[in-house]
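Sequence lines, in order, name chains A and B.
The opening position of the first sequence corresponds to residue 1 in this note's numbering, with each subsequent residue numbered one higher.
The opening position of the second sequence corresponds to residue 1 in this note's numbering, with each subsequent residue numbered one higher.
Rather than coming from a laboratory, the hints here were simulated on the basis of the structure.
Errors might be hidden in some of the hints.
Identical copies go unnamed one by one, so any copy, or any two together, can satisfy a pair.
Listed next, the in silico DSS-like pairs over lysine-lysine satisfying Cα-Cα at most 30 Å (straight line) [as the list claims (entries may be wrong)]: (1) K53 / K137; (2) K45 / K153; (3) K45 / K235; (4) K45 / K207; (5) K228 / K209.
Number of protein chains: 2
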Amino acid sequence: MFIDTLIEKIQEKNNPSIIGLDPKLEYVPEHIKETEFKEYGVSLKAAAEAILKFNRSIIDATYDIVPAVKLQLAYYEMYGLEGLRVFNATAKYAREKGLLVIADGKRNDIGSTAEAYSAAYLGRTPLDGEISEEAFKIDALTVNPYLGEDGIKPFLNDCRKHGKGIFVLVKTSNRSSGQIQDILTSTGKSMYEIVAELVTDWGKNLKGKYGYSSVGAVVGATYPNQAKILRRILKDTYLLVPGYGVQGGTARDVAHSFNCDGLGAIVNASRSIMCAYQSDMWKTTYDEAHFADASRAEAIRMRDDINSAIGKG
Amino acid sequence: MFIDTLIEKIQEKNNPSIIGLDPKLEYVPEHIKETEFKEYGVSLKAAAEAILKFNRSIIDATYDIVPAVKLQLAYYEMYGLEGLRVFNATAKYAREKGLLVIADGKRNDIGSTAEAYSAAYLGRTPLDGEISEEAFKIDALTVNPYLGEDGIKPFLNDCRKHGKGIFVLVKTSNRSSGQIQDILTSTGKSMYEIVAELVTDWGKNLKGKYGYSSVGAVVGATYPNQAKILRRILKDTYLLVPGYGVQGGTARDVAHSFNCDGLGAIVNASRSIMCAYQSDMWKTTYDEAHFADASRAEAIRMRDDINSAIGKG
Numbered sequence: 001m002f003i004d005t006l007i008e009k010i011q012e013k014n015n016p017s018i019i020g021l022d023p024k025l026e027y028v029p030e031h032i033k034e035t036e037f038k039e040y041g042v043s044l045k046a047a048a049e050a051i052l053k054f055n056r057s058i059i060d061a062t063y064d065i066v067p068a069v070k071l072q073l074a075y076y077e078m079y080g081l082e083g084l085r086v087f088n089a090t091a092k093y094a095r096e097k098g099l100l101v102i103a104d105g106k107r108n109d110i111g112s113t114a115e116a117y118s119a120a121y122l123g124r125t126p127l128d129g130e131i132s133e134e135a136f137k138i139d140a141l142t143v144n145p146y147l148g149e150d151g152i153k154p155f156l157n158d159c160r161k162h163g164k165g166i167f168v169l170v171k172t173s174n175r176s177s178g179q180i181q182d183i184l185t186s187t188g189k190s191m192y193e194i195v196a197e198l199v200t201d202w203g204k205n206l207k208g209k210y211g212y213s214s215v216g217a218v219v220g221a222t223y224p225n226q227a228k229i230l231r232r233i234l235k236d237t238y239l240l241v242p243g244y245g246v247q248g249g250t251a252r253d254v255a256h257s258f259n260c261d262g263l264g265a266i267v268n269a270s271r272s273i274m275c276a277y278q279s280d281m282w283k284t285t286y287d288e289a290h291f292a293d294a295s296r297a298e299a300i301r302m303r304d305d306i307n308s309a310i311g312k313g
Numbered sequence: 001m002f003i004d005t006l007i008e009k010i011q012e013k014n015n016p017s018i019i020g021l022d023p024k025l026e027y028v029p030e031h032i033k034e035t036e037f038k039e040y041g042v043s044l045k046a047a048a049e050a051i052l053k054f055n056r057s058i059i060d061a062t063y064d065i066v067p068a069v070k071l072q073l074a075y076y077e078m079y080g081l082e083g084l085r086v087f088n089a090t091a092k093y094a095r096e097k098g099l100l101v102i103a104d105g106k107r108n109d110i111g112s113t114a115e116a117y118s119a120a121y122l123g124r125t126p127l128d129g130e131i132s133e134e135a136f137k138i139d140a141l142t143v144n145p146y147l148g149e150d151g152i153k154p155f156l157n158d159c160r161k162h163g164k165g166i167f168v169l170v171k172t173s174n175r176s177s178g179q180i181q182d183i184l185t186s187t188g189k190s191m192y193e194i195v196a197e198l199v200t201d202w203g204k205n206l207k208g209k210y211g212y213s214s215v216g217a218v219v220g221a222t223y224p225n226q227a228k229i230l231r232r233i234l235k236d237t238y239l240l241v242p243g244y245g246v247q248g249g250t251a252r253d254v255a256h257s258f259n260c261d262g263l264g265a266i267v268n269a270s271r272s273i274m275c276a277y278q279s280d281m282w283k284t285t286y287d288e289a290h291f292a293d294a295s296r297a298e299a300i301r302m303r304d305d306i307n308s309a310i311g312k313g
C-alpha cells in the first residue's frame, strides 16, 4: 500500500522531505549540455538526454537520504516524446534505487476519461482479453478536484487495486491560488475547506496500518495559516507540501503541516536541490562539475532544517 | 489567430460541430486490431498503431465537413510513449487535412510550471541561445482554472505570441461537476459564474476580428440551464461544448450555448462518431469494414441536427 511504504521510507531515512525532479534545461550544467548537443545536435533529443544524465546524477547523490522523488510532468512534456521517454527512464532509475516516484501531473477529467488517466499512471491499460500493460510505472499521481467525485473515483479504484496513491490539490502554493481556492462559500467555509472535506471522504476507505490514507492532499508551504486549518480537517491525510525553498516557504511554515507524531506531511523542494550548485550557499564549496554533491549537501541541510522545526532533529 | 481561423472554418463548412478523437482500443474495429497484434504482438505498440489507423480513417472520412478535431490526451497517455507518438501523428495528419487540432489535456499548474505546459503545447521549447523547437504541434489546449490567474497567464502569453487558443474549464459535463462548480459563494454567485467572469477577463486582450476571444470556455451540453446563464456572462467567449450524444446532451440543449449570430460555440462528440458503426442507428447500413462511412454519416447527421436547432439548417 502506497501510504504505508511511504511512511516506512520516511522513518527508515528519518526524512520527510522529497526531491522534485523538475528539470528545465537551464538547470543542467553546461558540460552535460555541451556533450549532448555535440552528440545529437541542438534538439529536443539532446535536451532530453542531458536531463536524464542530470537526473541520474542527482538520484545517485541522494537516494540514500530521501524517501521519494516527485517528477513534474510538465517539464518532461515540454521536451515532447523525447522528454516523456526520459520521464519514464528517470522513474525507472529512481525506483531501482528504492525511491518512491510521485508524478506531479495534476490530471483531471470526467469519469470515463479519468479512467484512462488512471490506467496510464496508476493502473494497467487493457489490450486484448486478459492481457494488459503498465503505460507509465510510478507510485502516485497528483490530481485536480475541479470536476468532483466522478473524476476522482477511477483513481481511487486503482489505488485500491494496485496499491498506489494520489494527492488531490487543495491549497496550492502559488500567489493567485486564493482566486478560486479561498473563495468564501454561502456556508461560511472557504472553497479549500470544502475540497478538504471531500478529500477526507474520498480517502476513508484507503487507510493503511499507520492510520493514514493513500489519498493525500497538496497544501502549499507558502500559506501556513491555511495549512493549520487544513491539518485539522485532514486528520488522517498525508499532505504533500510544495513551496519550500525558492518559492519562499520556511521550515517553520511547513511545520504546521505535520501532526504531533512527526508524520502527516512530505515537503518537496525542486529548484533549491537541483540548482544547489548555483546557489549562494553552496557555489563556493562546489563547482559546476560537482553539482550533484551540492544537491546532496542541500538535501541534507533541508532534512535537518525540517526535522529540527518539527522536533525530530 | 486561433479564434478567427476557427470561425472561418466553421463558416466555410457550415458546421459548428467537431469530432473528438478519444480512441479507446475497444472502439477500434476487430480487423484493424488483429492486423496490428499479428505484426507487433499484443502490446502498447500494436494498440497505438491500430488507433492511428483508426484515427486516420475517421479523419479521411470527415475532414471536408468538420472544422476541427479534439484529441483527448488521456486516451493517448494511456498507451504510454507509443500512445503519445500516435497523438503527435494524428495531430499532424489532421492539420495536413486542413483541420484545427484542439488537445484536451485540462493542464494546470503554478505559473513557472504552467510555462512549461504552455511551451509544450502552444509555444516553443527553448534549447540553446535563440534555438527552440515545438514539442507538440497543435492549435489549442483545454486548461483547468483551479490555480487562478498565475497558472493561466503563461498560456495567454503563448496564445498572443503564437496565434493559439485555450478553453478554460467552467462547467463540465459530468454528473458530479456541481460538487465544486455549482457551490454558492458568499456573494450569491455560483463558483462557475465566478470562474466565467475570470475567463472573460483573461480573454479580453485576445479578441479577433469577429469580436470573439481566443480564450474560450468549456461548458457541458448536459447543463442547459447553466449554459444559458454562462452564455450571458461569456458574451465574447467561444464555448467548447462536450456532452452531446452518448453523454445525453441534445441539439436543443446545446442551442443555448450559441449566440443569436449562430456563432459562439463548438459542439464536440466523440463516442457517437467514432463508434457510429456499432450504433443502433447505423449498424444495419454499415458493417464493421465500413466504420469510417458510418462516422461520416453520423457527423453529417450531427451537423444538420445542430444547425437545425440553431436556425442554420
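Against the structure, the hints:
1. In the homo-oligomer, the alpha carbons of K53 and K137 lie at most 30 Å apart both inside one protomer (19 Å) and across protomers (27 Å), since each shortest distance falls under that limit.
2. Taking CA atoms no more than 30 Å apart as the test, K45 paired with K153 passes between copies only; the shortest distance there is 28 Å, against 37 Å inside one copy.
3. Neither within a single protomer nor between protomers do K45 and K235 lie at most 30 Å apart by alpha-carbon distance, with minima of 45 Å and 44 Å respectively.
4. Taking identical chains as interchangeable, the C-alpha atoms of K45 and K207 are never at most 30 Å apart, the minima being 42 Å within one chain and 36 Å between chains.
5. When the C-alpha separation of K228 and K209 is checked against a cutoff of 30 Å, the pair qualifies only within one copy, where the shortest distance is 25 Å, while the shortest distance between copies is 49 Å.
Figure legend: structure checked against the earlier numbered hints; hints not met, in rising order: 3, 4.
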